Amino acid sequence: MSKCEQCIVRELSSLKALSKDELIHLAKCKDSFLIKKGDVIFSEGDVMNGVYCIKQGTCKLVKMNSSGKDTILKLITKGDLLGQTSILTEGKATLSAVAVEDMQVCFIPKNEVLGFIGNNKNFSFEVTKDVCQNLNYATDFAINHTHKTVKERLAQALLDVLDSAGTDAEGFLNLQLSRDEIASMVGTATESCIRLLAELKKLGIIDLKAKRIKILKLNELKSLAQ
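In the UniProt record's numbering, the protein residues as written are 1 to 226.
Honestly, the hints are just simulated from the structure, not real lab data.
Restricting the straight-line Cα-Cα distance to at most 25 Å, the calculated cross-link-like pairs of lysine-lysine (BS3-like) are: (1) Lys16 - Lys30; (2) Lys78 - Lys16; (3) Lys74 - Lys55; (4) Lys92 - Lys36; (5) Lys55 - Lys110; (6) Lys201 - Lys217.
Pairwise CB distance ranges (calculated): (7) Lys222 - Gly115: 37 to 45 Å; (8) Gly115 - Leu208: 43 to 51 Å; (9) Cys29 - Gln56: 16 to 24 Å; (10) Asp31 - Leu208: 34 to 42 Å; (11) Asp130 - Asp39: 18 to 26 Å; (12) Thr146 - Lys222: 16 to 24 Å; (13) Lys110 - Leu208: 40 to 48 Å; (14) Lys217 - Asp39: 29 to 37 Å; (15) Ser223 - Gln133: 18 to 26 Å; (16) Leu34 - Lys211: 18 to 26 Å; (17) Asp207 - Leu114: 43 to 51 Å; (18) Gln104 - Lys214: 22 to 30 Å.
It should be emphasised that the depicted structure is a prediction, and the values quoted were computed from it without experimental measurement.
Even for Gly, the Cβ is constructed at its ideal location relative to N, Cα and C.
Kindly generate the complete structure, drawing on both the sequences and the hints.
The structure is reproduced here in structure tokens:
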């Protein structure tokens, strides 16, 4: 049995639609490597020569605005695939992907992905579904940043981190982001982010210990994000 067949992570992505023979072939053609926290996986404008499967760890998808400031659009974690849209459109990467913690990643060459799409209808459907879900997420992101207050966006950002990373044994979010990174997710100044986090702590909705954040009142945070 190949490593790809044994990999539980593939069940979380469109790779779950591949047949046994395709998985055996995939195991022979993919590359696996480690990425250190802070390393760039690919940059905006890069030609995408394949798809990245996240086996372990989290990265941020970043878009630079006209003033040169980065905005974090989404967190990508275990089981997610990167690069599917660029492969299908044959376009360059429209975002940058940067590791926010140490990661294990598998790289699948473009021609192999296109071969699976052409020969496996179920895989093609799953890839299309993933691309559509990403489009829906981008639409929701734009709406949220247009119509929601900064405090509401902060609440949603904390919920997104919870959904992506979960919590540790003490109940703190597993992913430790800097205040600058949280502010980048929210679309506000770092000073405003720090002030609002302190306000949420004062209200008893969250607890703060250095970079660590614990959500104490999940329902109240969800209500605030709506």
